[in-house]
Structure formats: C-alpha cells, structure tokens
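Q: Chain by chain, the residues run as shown.
Protein chains: 2
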Amino acid sequence: MSNQEARAGRRGRAARTEKRRGSQAAGALPYISRNLPVYDILSDEGAELIEANADRLLAEIGLEFRDDPETIAIWKAAGADVSGERVRFPKGMLRELIKTAPSQFVQHARNPERNVVIGGNNTVFAPVYGPPFVTDLDSGRRYGTIEDFRNFVKLSYASPWLHHSGGTVCEPVDLPVNKRHFDMVYAHLKYSDKPFMGSVTAPERARDSVAMAELVFGKEFVDQNCVMIQLINANSPLVYDATMLGALKVYAAANQACIVSPFILAGAMSPVTVAGTLAQVLAEALAGCALTQLVRPGAPVVFGAFVSSISMQSGAPTFGSPEGSLLLNGAAKLARRAGLPFRSGGSFTSSKTPDAQSAQESAQTILATLVSGVNFCLHAAGWLEGGLCSSYEKFVMDADQLGMMHVLAKGIDLSEEAQAMDALAEVGPGGHFLGAMHTQRNFETAFYRSEIADNNSYEQWSADGGLDAAWRANRKWKQMLASYEAPLLDPAIDEALISFMANRKAEFPDSNV
Amino acid sequence: MSNQEARAGRRGRAARTEKRRGSQAAGALPYISRNLPVYDILSDEGAELIEANADRLLAEIGLEFRDDPETIAIWKAAGADVSGERVRFPKGMLRELIKTAPSQFVQHARNPERNVVIGGNNTVFAPVYGPPFVTDLDSGRRYGTIEDFRNFVKLSYASPWLHHSGGTVCEPVDLPVNKRHFDMVYAHLKYSDKPFMGSVTAPERARDSVAMAELVFGKEFVDQNCVMIQLINANSPLVYDATMLGALKVYAAANQACIVSPFILAGAMSPVTVAGTLAQVLAEALAGCALTQLVRPGAPVVFGAFVSSISMQSGAPTFGSPEGSLLLNGAAKLARRAGLPFRSGGSFTSSKTPDAQSAQESAQTILATLVSGVNFCLHAAGWLEGGLCSSYEKFVMDADQLGMMHVLAKGIDLSEEAQAMDALAEVGPGGHFLGAMHTQRNFETAFYRSEIADNNSYEQWSADGGLDAAWRANRKWKQMLASYEAPLLDPAIDEALISFMANRKAEFPDSNV
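These protein sequences, in sequence, are chains Z and U.
First residue of the first sequence: 1, per the UniProt record's numbering; consecutive thereafter.
First residue of the second sequence: 1, per the UniProt record's numbering; consecutive thereafter.
Quick caveat, the hints were computed from the structure, so don't treat them as lab data.
Be a bit skeptical, because a hint or two may be false.
Claimed, not checked - Here are the computed distance ranges between Cβ atoms for each label pair:
hint	chain 1	residue 1	chain 2	residue 2	range
1	Z	Glu48	U	Asn35	12 to 20 Å
2	U	Arg449	Z	Arg56	25 to 33 Å
3	U	Arg449	Z	Glu416	25 to 33 Å
4	Z	Leu467	U	Glu451	37 to 45 Å
5	U	Thr445	Z	Glu147	41 to 49 Å
6	Z	Lys410	U	Asp464	54 to 62 Å
7	Z	Gln104	U	Lys478	32 to 40 Å
8	Z	Lys410	U	Leu467	36 to 44 Å
As the list claims (entries may be wrong) - The following residues of chain U were derived to be distant from chain Z, with all beta-carbon distances above 10 Å:
hint	residue
9	Pro30
10	Pro102
11	Val106
12	Lys179
13	Ala253
14	Ser362
15	Ala363
16	Met404
17	Phe443
18	Phe508
Claimed, not checked - Some chain Z residues judged to face chain U by a derived CB distance under 7 Å, without partners named:
hint	residue
19	Gly218
20	Leu238
21	Ala242
22	Ala316
23	Gly330
24	Met404
25	Ile412
26	Gln419
27	Leu424
28	Ala470
Heads up, the beta-carbon is just placed ideally off N, CA and C, and yes, glycines get one too.
Please model the complete structure; the sequences and the hints are all you need to start from.
A: As structure tokens, then:
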C-alpha cells in the first residue's frame, strides 16, 4: 500500500468517525460559494487607469528585493531591468508571468470533507493571524501562550462559520522563537482537521512546515497538491525583504500556496489616497505573484491586499474605515482582472475591547469583504486592538457575524417555495403567517439564528442578567471549549509528527530570534 | 408685501445669520449625492417574477381598506374591483396611477440651505422615529418626555451627518396624546431648521401640522411645495386602516409627501421568505402610493419598506439580520423600477444597550441602506431595543457611522491629484509618505475622522480611562447639548405658532387617546 493510499484510507476512517460524532460543526459548509453578485465600485475605466499607473511604477520606479542575491538573479534571468537591489519591469512582463498561476485551486485538509476551493465565487474564512497578546473578560490582556494558541485552534475547529484553522492565531510567547513553529503547526494538525497555514518567519521553518505536512499527507501528494497556504507580506512601499522572499521561494518550490500581500496603512506606507494606494498595491502584488511563477510555474498564489489607513492626527492605524472598504473593493477588482484569487478583509478594529466600536468597524469590513468577492479572508474572527490582540469574546462574536455572511452569500432564493404564493393566498388581508402551512414547512431554516444576539424583551433580558454581547460571548467560548472534542488523528501519524519535532528541536539550541 | 415674499425675506435673514454663526454643522452637506453604484442583488428577471406575483396578489387577493368609506368610494370611482372593504386591482391599474408621482422632489426646510432632494442618487438621513422610551448611561431607561424630544431634535440639528429633523424622535409621554403633536411640530420648527415630519396619528392632527407649516412657509408656498414628509404605514398583511388613510388623504391633498411603508416582520406579517415578502411589499406599497395620486395627482410620495424578520424560536422581532438586508436590497430595486423614491433602512438593532450587538446590527443595515440606493432613511440614528427606545449614546454612535457613509458614498476619486503618482515617485521603495508633499497637500481631508472611535495604543487608551465606545458617546452627546445654539426663528413666526397652538389646545380637553 502506497503512502498516499494509506493516507486516503486513514482519512476515510477519520471522515466516518467525524460523521458519527456529528456534533459541533453540524451543518457546516466547507466554504462559501457565493450566489451574490460582486459589488464593483471601481469602474472598468477606473481599473484601466490604475493598471496603467501600476505599469508606470513597475517600469520607472521598480521595486527593491533586499538582501537576497538569489531573487535578484532570478529576475535578471527573467529579463527584468536590474540595478543593484532595484528591479524594474518592462510593461507586460509581470502579467505574462502570472499567466501560469491557477485562477482557483483546492487547498486540501487532512479531512477531505474540509477541503476548500480558493478562487472563483468562493469565500474562505480563516481566524486572526499574528497577535502577540490575547485577552478575555475574566483574565484581561496578557501575552499569548501555546495554550491560548491551542484554544483558538479549537474554537476555529468548533465553529461552523470558520472554514480554516489559520496560522499564527496568537504568538505562543512562552515558546522559543526559533522552535515555536513546530508546536504551532502540530496544534493545527492535532486539534483541527481544517486546512491550515505554515510558518514564514525563516526559510528553514518553512521547510519544517512542509516536512510536517508531508508526514500527514504523503510526500508525493504534497508535491502535487496544495495542503498549506502562507502569508507573504511585502514591505511596503515597493520592497520585499529576505525573510519573506526566503519563505516564498520554499513554499512556491514545494507547490504550496503563497498569499502575496502588500501590508499597507495608507498615509504612511502609501499615498494618502485610494487611487494612489491601489496602483502601489497592484505593482507590489504583481511582482510577488510573478516571482512565485518563476520559482515554479503553476504554483498556487493569491493576490493579497492588507490595506487600511492611519489617523492623520496621531499616526495611529485605523480600521473599519470607509477608505479601507473602498481600498478593499478596488483591489478585489484589480485581482479579478489579473485572473488571480484574492485575499483581503477581516473583522478589523482598532478598539481595545469587544465593544460597539469593535463591532461597528468589524461589520463594515466583513460586509465589504463578502460583497467585494474576497476569496480568502484572514483575520475573519478574533482580531482586536489593530491586530495586536486575539480576543476570546471577539472571536465568537465575529464567528456569529460570519454565520450571517453565509446567509447573505446565498442571495435571494427565487424558487417556487420561496415565492410563497400559497402562503399569501392562505393568510390573506389582516391574518398572520405564524400558523401558515408554508411557515410550518420552512421555519426551521428560515432565518439565521444568532447565538450572540439577544432579541428578547427588555424585561426578559433584564431578568436574564442584563448582559451585553461581550459577556454573552464570554459564556459562549467557554461552552465551546468545554464541549470540544478533537478530530481523530491516526496514532501512527501523530507519533511520526512528535518524533520529527523532537529530533529537529534537538538539532539546535533555543533562541528568541 | 405678500406672505410668501415676507417669508422669503425672513428666510434670507435667517440663512445669513446661520452663516455668521457658522458653528456646529460646519462643513455639513444638506444630503448625500451618491457617486457610488447601486448594488443590485435581485436580478432583472427576479424583479420581473416578483412584480408578476404582486400583480396576482393585487388582482386575486386584493387589499382591505378598513373603516374608511371615503377611500372605498375613491377606489370604486377609479375602476377598482370593490367588494365591501376588499379592493382588487386589475393588472396595470396601480402602475398607471403612480405615473403622476414625481420620481424625485425637494423637501423644503425653513432654512433653504437645508432643503433636501428625495429621490434619484440622493440619500437623506433622518433620526429614529416612534420610541416611547429613552435611555442614557447615567439615568437608564424611562418613558420619553418633551424635554427628551427637544434634546433629540437638538442633537439632530447639531450633527453634520443628519440631514433631517425627523418626526417622533421619541414619544413625549408627559404630554396628552391628543395635544402632543403641537409641541412636537413646534420643537422641530423652533430648535432646528432642518426639514421635518408632521403628525399622522389622526386626520385633525395632520391638519394642525399643515397649518403650523403654513405659518412658517406661507399658505400658497405650502400648497405648491413639499415642506413636510410623513410616515404612513400599511397594516400588513394587505390592510390599510382608517387612521393611516386619514392622514394620507390630508397630506396628499395638501401636496405634502407621504412615505407609504409596509411595516413587516417577516414570518409573522408576511411569508417566512424574502421573495414572498417582497411580492407583498410591492403590492401594499403600490396600492398606498396610487391612492395618494387619486387624492391629488402629482403629490410627492415615497415607496417605503420597513422590513425585518422575527425569531422563529421566540417570535421576537430581529434586526440587522442578513434576511433584512436582502429584503431591503430587493425592495429598493422594485421601487426604482416603479419610478418612485425609496425609503428603508436605518440603524436597527434589537439590543437593549449600546453594545457590540447594537453596533453590529446597525452597521449591517446602514451599509445595506447606502449601497442599495435608499433615498430616505428614517431611524438612521438613536434606535435601540427594536425601536422601543431612543438612546442618547446610540444616537451619537450612529451619527458617527453616518459620517463614514458620507465618505463611502463619494466612491473612488480618480482625479490626477488622487492618483498621487508624484507622491509615489517622490517617496520610492522603502520610504514613507508622512512627509511627502502630496500628503502635506491632502492630509487635512484625507480620511474620515471619527469622534467616537479610539485608535490610540492600549497604554494610551488605558491612561485615558479605558472607556468603551458607549461611554465616549456619553461624553459626546453632553458636549453637543452643552454647546447647542438654536437657529434663528423670526419672532413674528414664533409668536404666530405659539398663539395658534394655544388657541387650538383650548378648543378641546386633554385626552390620552
């Protein structure tokens, strides 16, 4: 029996077990297939103008690829105009290169029922990425630990509205920097069977991530299929640094997906305008995406755009702003026109607490995310404090909002049953529909049922303790962790992972760089 | 000097005085002219299907017009199929009747700089309407009073993001039911110079409202121009009652605008589906709008849709739901196709407190309001607890969100200055834009500046007291009321209004029905 067959057999058993357990993610869809038209704010003429400006930026100003002679050599060999670390691109060169990238691709999960399709009309929600801090209403704000990390993996697994386990759901600051990637990747594989993200903080950590995926999926399968997706940020404006380039090259060579994302706070890292920022986003994303195709033609790559703005009074980052929504929407159109899957959006906020500000800013952005046609949405749940903090309460509040996005994404059902002409005839003027046969047939699935919102009367709500949404969310995440059951992981695979990590960790000393 | 000339002279003086005072609403626009494409979720084919269903409802089931023989006689004379209080409409009849209604119209304010255009690409934001309760964080929830009423009028006046003074900003429960309309209309005229809404709770109160408007604008001017807009709800499903019909007829005859709004909580007052509810909304709205044109052809009328859903577990109304957004969006398209201005949306929530739930639900709905192309948005600020409560904190939080909608409504600026190619050339790879000449030229107006959001660091926010958004809003509304200055009202007009009210109030005893 080949490695891959063995894996398939194990995955089949795991899937059957999952079905028996039924439980937490019952009714969950592996990802959203939108039946909702894309909302295009930027006109075709506007997009052409931005594209022409990006072409000029690429040809006249160019980008810098710092401290990475190998990448410079790749660009030189590809025919770019190289001068030191500065690389300029003749018009059309990058667009020609990205033609080999798939417009959509499957990211495989270890449970094949949780595979996601990234691109097209699909939207995949993944949790918050990167915060060094965590917070909850009981214990307050503190540095994240591997226990917090596992908890957020478990919450993503248990939520029917998260499709993905994500990556750095928080930084496990209690582990050494140079070894924590082992425990992070292992946590995703052990405590979830949803797709996940690999380490990008150094090329060897990227290679470790691929090696661990190979133990689960089989070496040949990984070489031919995407089983990991990674976040590669540009160092805006117009710079890529060696760390990100190193990870990009490892993953592209391994046929694993890179999300090439300009990380921009407009006003500081780009011009103070939407149109100017969009030209820069396009130039940076095209360069990074094209590089993946030079490393391995056909490797999956996602056009990313992390774009928000700063306060021009204080310089502080702002999130959920109207300018952020316009940037997101415009960048989505540019990605579609480039023929690449698009990553952006999330439940952004600069609030320090899961209050009205946090909800308002998150709602603005997540709606823009859905209607703009984002394919991969990182930071969809748990983000607080400008991304510095993963919040337990915010996580479940955001997840609830993502549930609503699932309903909105279905658009308007025009089936005969949905037209409900029989109900209207049955009830007639002045009646009510609660008892109508049509209502009886449809009420179970009729409306989204929030697990956070309180719709009761003031009197009932007061009698229930008068809790606000954040405190209801506090109860909810505790319930979710208390009833969490791990998905089955083949003990042989588990042992192989543990053994691999132990051996690799013994090869070099702990370090916090 | 004619009445109208005198009025114009007074308004001229008032406007000049307003300009000198400059003050609170500086930079405010009288209404939003959207430079943003309308987001169409319902396809043309879908709209045709809904329209055919509405035609069938109107022809086969019809509507009831209860306890109002005059309205029945109007329909009979117009050629409808009348049987008792049930009226059925031959296909096409109502669409023919509404052809005399304007597709957009001006509602005049007593300060002409605050006139609003209702229809077309324009959006007008008006405050919450109808709550018997008010709440603030200091005093908690209690019945509204005329002092609260005046406070909300003052807050709407002082906010640059509210275009309209609204109507029943809260019920002044301390005044007798049959006389409070005098004090409500007077408060709008005295404490604001933005456009406002008249009373609809009885035909004679509607006539009083018109009479008071005539004292301000002149009798002839009122007969030829819209100076008031009124909320006329259908008693869904498929019923209009005598109270609403009475007010509709008074206002239409006086050439004042009616917003004819099905008031629907889907699942109880309409089918449990979006498509079924939309057919009912269209049938009800067409019938009410057509009636205004039979009373006075050419009278301004707005196609309204107050549509949300109920919890199918508890029967409680739910707001800010994804189904509500789909209903709003679909109804907007039906109104556009009918050639009428459209009213819907608002900052809806069923939360009892200005928490994350309230903000999330409000954000969902207000974004749907803007991108769906709503022309008149009642309940844009202050709504809490399913509309039972006007909240001081929620009011200013919502108003801040409306400010963001003003930015979003501008769309993406593609001017040469916005393209910022000079900034990109000046800064180059690895630089920053804070000091760029382009940034210096544009930073003042670059990004929306929220007066509620806190974007500071965790440390700074903690040092500032660690307030959540609701408590920051608490400070803000108190500042707004403390610095409120009334717009000038000609003392002769003021005396005429006071004298009219005193005489009318003396004509009949107080009553609470």
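Q: Does each hint fit the structure? Answer for all of them.
A: To see whether the hints hold, each was checked on the structure:
no.: 1; hint: Z:Glu48 to U:Asn35: 12 to 20 Å; in the structure: holds, 19 Å
no.: 2; hint: U:Arg449 to Z:Arg56: 25 to 33 Å; in the structure: holds, 32 Å
no.: 3; hint: U:Arg449 to Z:Glu416: 25 to 33 Å; in the structure: violated, 51 Å
no.: 4; hint: Z:Leu467 to U:Glu451: 37 to 45 Å; in the structure: violated, 28 Å
no.: 5; hint: U:Thr445 to Z:Glu147: 41 to 49 Å; in the structure: holds, 47 Å
no.: 6; hint: Z:Lys410 to U:Asp464: 54 to 62 Å; in the structure: violated, 43 Å
no.: 7; hint: Z:Gln104 to U:Lys478: 32 to 40 Å; in the structure: violated, 53 Å
no.: 8; hint: Z:Lys410 to U:Leu467: 36 to 44 Å; in the structure: holds, 39 Å
no.: 9; hint: Pro30; in the structure: holds, 20 Å
no.: 10; hint: Pro102; in the structure: holds, 29 Å
no.: 11; hint: Val106; in the structure: holds, 27 Å
no.: 12; hint: Lys179; in the structure: holds, 28 Å
no.: 13; hint: Ala253; in the structure: holds, 26 Å
no.: 14; hint: Ser362; in the structure: violated, 7 Å
no.: 15; hint: Ala363; in the structure: violated, 3 Å
no.: 16; hint: Met404; in the structure: violated, 4 Å
no.: 17; hint: Phe443; in the structure: violated, 4 Å
no.: 18; hint: Phe508; in the structure: holds, 32 Å
no.: 19; hint: Gly218; in the structure: violated, 40 Å
no.: 20; hint: Leu238; in the structure: holds, 4 Å
no.: 21; hint: Ala242; in the structure: violated, 14 Å
no.: 22; hint: Ala316; in the structure: holds, 4 Å
no.: 23; hint: Gly330; in the structure: holds, 6 Å
no.: 24; hint: Met404; in the structure: holds, 4 Å
no.: 25; hint: Ile412; in the structure: holds, 5 Å
no.: 26; hint: Gln419; in the structure: holds, 5 Å
no.: 27; hint: Leu424; in the structure: holds, 6 Å
no.: 28; hint: Ala470; in the structure: holds, 6 Å
Taken one by one, the earlier hints fail for this structure at numbers 3, 4, 6, 7, 14, 15, 16, 17, 19, 21, listed in ascending order.
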